[in-house]
Structures are given as structure tokens and as C-alpha cells.
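Model the placement of chain B on the given structure of chain S, informed by the hints.
There are 2 protein chains.
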Amino acid sequence: MRNLHELQITTAVEAVASRKEVNEVYFVACGGSQAVLMAGQYLFDKESSVPSHVYTANEFVYDTPKNLCEKSVVISCSHSGNTPETVAATKLARSKGAITICLSNLEGSPLWEAAEYPVHYDWGKDVSDSDKNKGILYGLLFKLLGVLAADAKWDICFKELEKLTELSTKAKEQYDAQAKQWAKDNKRKKTIYTIGSGINYGEVYSTAMCWFMEMQWINSGCIHSGEFFHGPFEVTDYDVPFMLVKSIGNTRFLDERVENFAKKFTEDLLVLDQKDLDLSNVAEEARQYVAAILTGVVIRHFVEAIAFERGHSLDVRRYMWQMEY
Amino acid sequence: MRNLHELQITTAVEAVASRKEVNEVYFVACGGSQAVLMAGQYLFDKESSVPSHVYTANEFVYDTPKNLCEKSVVISCSHSGNTPETVAATKLARSKGAITICLSNLEGSPLWEAAEYPVHYDWGKDVSDSDKNKGILYGLLFKLLGVLAADAKWDICFKELEKLTELSTKAKEQYDAQAKQWAKDNKRKKTIYTIGSGINYGEVYSTAMCWFMEMQWINSGCIHSGEFFHGPFEVTDYDVPFMLVKSIGNTRFLDERVENFAKKFTEDLLVLDQKDLDLSNVAEEARQYVAAILTGVVIRHFVEAIAFERGHSLDVRRYMWQMEY
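Protein chains in written order, with this note's numbering: chain S, 1 to 325; chain B, 1 to 325.
In case anyone wonders, no lab produced these hints; they're calculated from the structure. Even for Gly, the Cβ is constructed at its ideal location relative to N, Cα and C. Take the hints with a grain of salt, since some may be wrong.
[To be verified] So these bits of chain B aren't anywhere near chain S, every CB distance computed over 10 Å: (1) N3; (2) K20; (3) T165; (4) E166; (5) A183; (6) L269; (7) V271; (8) K275; (9) S280; (10) G311.
[As the list claims (entries may be wrong)] Mimicking DSSO-like on lysine-lysine, the simulated pairs with C-alpha atoms at most 30 Å apart in a straight line are: (11) S:K46 with B:K71; (12) S:K71 with B:K66; (13) S:K190 with B:K263; (14) S:K96 with B:K153; (15) B:K125 with B:K187; (16) B:K20 with S:K46; (17) B:K187 with S:K264; (18) S:K275 with S:K125; (19) B:K20 with S:K96; (20) B:K189 with S:K189; (21) B:K190 with S:K180; (22) S:K187 with B:K187; (23) S:K66 with B:K153; (24) B:K189 with S:K263; (25) B:K189 with B:K263; (26) S:K71 with B:K20; (27) S:K172 with S:K125; (28) S:K275 with S:K180; (29) S:K71 with S:K46; (30) B:K71 with S:K96; (31) S:K66 with B:K71; (32) B:K20 with S:K66; (33) S:K159 with S:K20; (34) B:K66 with S:K163; (35) B:K125 with B:K180; (36) B:K66 with S:K159; (37) B:K66 with S:K20; (38) S:K20 with B:K71; (39) B:K263 with S:K189; (40) S:K180 with S:K263.
For reference, chain S alone in the conformation it holds in the complex:
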């Protein structure tokens, strides 16, 4: 991780450490950025005693949680730093005295100015994955947990983020042929569902809402593995496509149960099993978190392949950037 990024993270974490009490951590953003932050709520729920919530920014602004106060920490994210709802939510949180930390690719953006503790992340080819949005977010989360849920493992997890670039490259190579074949097989599908659980839920959420619906105009919906058998599974048929992320974390059984059912009743089940990722040189403590980030990289590789097969660039929008709404 670049020294600049580590310094910005440390500054934000020191501000949190200096507060006597943290009553709640709010993760506030929109769309793909909200999906990325969902991992933060997962980590706080499962690894700390500090309550946390994820909010889509405008609900946070128009229907503000009662607990928001000077004891709260609000972590927001916007790639461009220009998402008006996220900027407004961050300003609101700061006006209530909460510690405001934002992640953005653009220094000096409205979000950057709105937050008390802005943290930059890099983007594009040829930059280290530990300096991209997820590397920076997990770095921030591990450092925050080091303060709010002290454990030696958080320093270990933080260091392991350095391996993300190498691991991502390997993961893309590993899935390249399968991604191209899946893309050919599914290029005419009108609907593709995504399914996952635990820390991976944010990845399947953004795959449905952003990759498929926004960037491919393919109908989609994301289903939590634990909910699959309580309604959604009745749509299963031989030609219904599911993309399932199989976790190496505590919720693996939930994902496995979906797999065991779905493989019997659809011919179009894609299982991305995190056990297939080579994490042999990653510390045990960090594996499920590294796996969650790599799963996002792998899914993006599948999405780029189907975009190519469909001749539908991931950069095409018919409403976004085209008009006011």
C-alpha cells in the first residue's frame, strides 16, 4: 500500500481511537460503492461489539437513524466523489458531530471536501490492487478493528493485502477459459440471478445491480443463500441461470445447500468456489477476506467476457450520464 494511503488511514483511525465511545459505525454510499462497503458491516457484526449498519445514502439523508451523533463513525464512498446523495449524507453526518471518513478516487472532490478524514484509492491498470478501492477499504477496516476489537490478527490481515495484485492476476488466469465458455453459453440469456452469503453478499449484490442490470441491461436479482429456499428457489428450472459464490467462511454450508439443490434442477449453474483459489501463501486469518476480494476480480472477468460476447460494452449507458434525473 502506498505510504500516502496508509497515512490517510492511520489519521482516520487515530481520530476514532481518540473518541471515548463509538455507538455505531454507519457505512453509507450508493450502488456499487454501497455494495463494497457491505463487507465492512459484515466484519463489524461478526468481529466486534460495535453495532454497524449499511445505508443507501438518500435514506440516510431523508430518514436519518436516531443513533447518529458525535459518538458515531460514518464511512462513505464514491468513486468520482461526486455522488450527490453520498456527499449530502457525509455533510449531514459531520454536522451531527460524527467522525466522517470517505473513500474516493478523486482528491478534492465534493465528497473529499465533505468528509473530515478523506482516504484516496487508486484506479486503473498498472496500479497495485492493495491501493484500489477494496484493498484500501479492507486496510481501513482491519486498522479500525485493531482499535475497536483489538486482536493481533488484524495486523496480519493488513499485511496480507500486499499480495492482492499477484493473487488477482493468478485468479484471472485460472478462470479465463471458464469465463469465456460461460459467456458464450449465456450471451442470449435474458435473466441471470446471483446468489451468495456472508461477506460475499456485497459482491453478488453489485453483480446483479451494477454488472448485469446497469452495464449489460440483463434482468437480475440477488438472492442471499439463506433465503433461496424460502421463496426464490421456486423459479429454478433447467434453463434458469444462477451465479453462485461458494464461501470459505462460516456460511459455506448455506451456499453448499443451494448448490446441491440447484445442480439437480438447472443446467445453468455457475459455482465460483473460493476453495478453488490458491490461497496457500496467504495467512489463515486473512483468507476469507482475501477470497472475498478475489471473488470480485473473478466475477468482473466473467462479466467482461459476456460483455464481449454480447457486443455490449460495459461503458454504455442509456440514462446515466445522458440526462438529468
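What follows is chain B alone, placed relative to chain S:
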């Protein structure tokens, strides 16, 4: 509300009141029951300083939140009282010393036995809506808030639940013709999206996951109004059906923004505006909560109409009840 139900609620609430401190309220269930409980989390987030979370039961069991302890309150729900994941989650919570409250239609069911404080609700025709699952849940929530976020309005809200039967009958009559027409117009649609926000999110979630996917085998996905413009809206086209719930609560602006966009780009937008409900004889304090319950009644009326037009009974399942999974 029947005296028995009020007594069971009071007993549970007194148990909560007797605890010195409540660190978190967990709402734990599966599918439609989880969707019903989502209103509870909304109420606690916006009206109290007690953190709360909704969990699908198996995630709660396999990946238990760290905060679960004798200071916690766990509210679970299963209509049959036989949902294994919800029973297991309730047993786990009780073993950790949490106050366990369950809602069920079946006294003596496994869930009923698992929870320390079981609360019964009625079901079927000819029973008062204040004694059905949502009437009982809101009754419990208002009484709990009376203890954890004391305010005279909670007693007013509780009393207003008595009007649910009369209001539900009126709401069904009001929407009857529109429901039948919408059903005729949409009976051959392969995909119908649901959209909503705030306290109504649970209703649009269950409409997508249970009414459409489970009981009609229609592809669906639920979209939070605040997220619509951050991905999902790119699927909008002249023939894409949306069912939008327009709230009378704080998030109304979010729903209105979706409506103003969608009506321009699809010919198939159904808006269920809670302002159209006659709530003139309902106390101001209770209106948004009564409206949320009535919206569920209205949506069910639309779903029954489309089930008739499609000749697809709401009682048909191809996997559920047919096999082990």
C-alpha cells in the same frame, strides 16, 4: 386485539423491561417472515437508540453476530412454527441468554417451544387483522418502543391497530378494479420488479421473493428506491414492469424520484401511493405504520388477481413441500 395476544405481548415486553440494558434487538426469520420483521428493524433504527439487525435465520446460526448475549433481544417468526433454521436460531439465542420472543400461528410448534416468550397470531378469513401476523408484530413493536424509547405516541399507535380490519376491507375495495386490470395487462410478463423504501422495503422484498418468484414463478428482484438510480434503472424500457410503493413517510422523495423517471421510460409502471389510502380516521402518529400494513393487503390483492389471470394458484409449489432439500 384478543386479550390472549395482548397478554402474551405484555409478558414479553415486561421481560425486556426487566433487563437493565438491551445491547441489540435481532429480528431473525426466513423469507416472508423475515420480510415482515424488517419493519421492526426500521422502527428501531429510526425511533430508538437501540441498535437492531435483521438476519436470515441460517446466517444467524452459522455466522452468529458477536454481540449476541444476555443483553440481547431476539424476535423470531415462523407461520407454521416449523421452519428449522428459525427454530435453531431461536434455540441458539436462548442458549446465549438472550430474551427470545417468537411469533407463530401454531401454539406448541417447535418454534413456540424454543422461545421463552411465544406470541400467537391468528390467520385466515373472518379473523381481525389486528390479530394477524402484522397486527401482532406492530403491537409488539409499539409496546417494546414504549419501554425502550418511551413516548406517548406508542400507546396511540397500539390502539389504532384495532382499525386494521375495517381499513383493509376498504383498501381492497378501493383497488379492486385497478388490480384486475393490472393483472390482465401483465399476465404474460416474464419479469416484474418491485421498488420501495423505508418501512415499506419489507413489503416489496416479500412481493419479489415470495409472491412473484415463489408463488407465481415470475422472475423478479426488489430494488430499494434509493438504489434505483445507481444501477438498476438502466434496465428500464417501455415494456419493463415495475411495481412501486410510494411512501407517506420520510423516504417519499426517494419513491417520487423513481416515479418521475420511470413514468417517462416505461409504459408499465404501477404506483401504489399510500397517499391514496383513506387514513382520515387514523391518528397522525400511526398513519405511516398503518399505511405499510395496508400496502401489504393491497399488494396481495394485485397478486391474487394476476394469479387468477395466469391460472397459477398461489398454493402451487414444484419444490417446496414436494421433496427434501
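Verification of the hints:
1. N3: holds (32 Å)
2. K20: holds (17 Å)
3. T165: With a cut-off of 10 Å, T165 of chain B remains clear of chain S, as the shortest Cβ separation is near 27 Å.
4. E166: E166 of chain B is indeed farther than 10 Å from all Cβ atoms of chain S, at 29 Å.
5. A183: holds (19 Å)
6. L269: holds (14 Å)
7. V271: Correct as stated: the minimum Cβ-Cβ distance to chain S is 17 Å, above 10 Å.
8. K275: It holds; K275 of chain B is separated from chain S by about 17 Å at its closest Cβ, greater than 10 Å.
9. S280: holds (24 Å)
10. G311: Holds: least Cβ distance 17 Å, greater than 10 Å.
11. S:K46 with B:K71: This hinted pair holds, its Cα atoms lying about 17 Å apart.
12. S:K71 with B:K66: Holds, because 20 Å separates the two Cα atoms, which is no more than 30 Å.
13. S:K190 with B:K263: holds (23 Å)
14. S:K96 with B:K153: Judged against 30 Å, a Cα distance of about 26 Å means the pair holds.
15. B:K125 with B:K187: holds (26 Å)
16. B:K20 with S:K46: holds (24 Å)
17. B:K187 with S:K264: holds (29 Å)
18. S:K275 with S:K125: holds (27 Å)
19. B:K20 with S:K96: holds (28 Å)
20. B:K189 with S:K189: Holds, at about 16 Å.
21. B:K190 with S:K180: holds (27 Å)
22. S:K187 with B:K187: Given that 30 Å is the threshold and the Cα spacing comes to 27 Å, the pair holds.
23. S:K66 with B:K153: Measuring from Cα to Cα gives roughly 16 Å; hence the hint holds.
24. B:K189 with S:K263: Given that 30 Å is the threshold and the Cα spacing comes to 26 Å, the pair holds.
25. B:K189 with B:K263: Since the Cα atoms of K189 of chain B and K263 of chain B sit roughly 18 Å apart, the hinted pair holds (cutoff 30 Å).
26. S:K71 with B:K20: holds (21 Å)
27. S:K172 with S:K125: Measuring from Cα to Cα gives roughly 14 Å; hence the hint holds.
28. S:K275 with S:K180: holds (21 Å)
29. S:K71 with S:K46: Measuring from Cα to Cα gives roughly 21 Å; hence the hint holds.
30. B:K71 with S:K96: holds (28 Å)
31. S:K66 with B:K71: holds (20 Å)
32. B:K20 with S:K66: holds (21 Å)
33. S:K159 with S:K20: The given pair, whose Cα atoms are some 28 Å apart, holds under the 30 Å limit.
34. B:K66 with S:K163: holds (29 Å)
35. B:K125 with B:K180: Holds: K125 of chain B and K180 of chain B sit about 21 Å apart, inside 30 Å.
36. B:K66 with S:K159: holds (24 Å)
37. B:K66 with S:K20: Distance of about 21 Å is within 30 Å: holds.
38. S:K20 with B:K71: The given pair, whose Cα atoms are some 21 Å apart, holds under the 30 Å limit.
39. B:K263 with S:K189: Satisfied, since the Cα-Cα distance of roughly 26 Å is no more than 30 Å.
40. S:K180 with S:K263: Holds, at roughly 21 Å.
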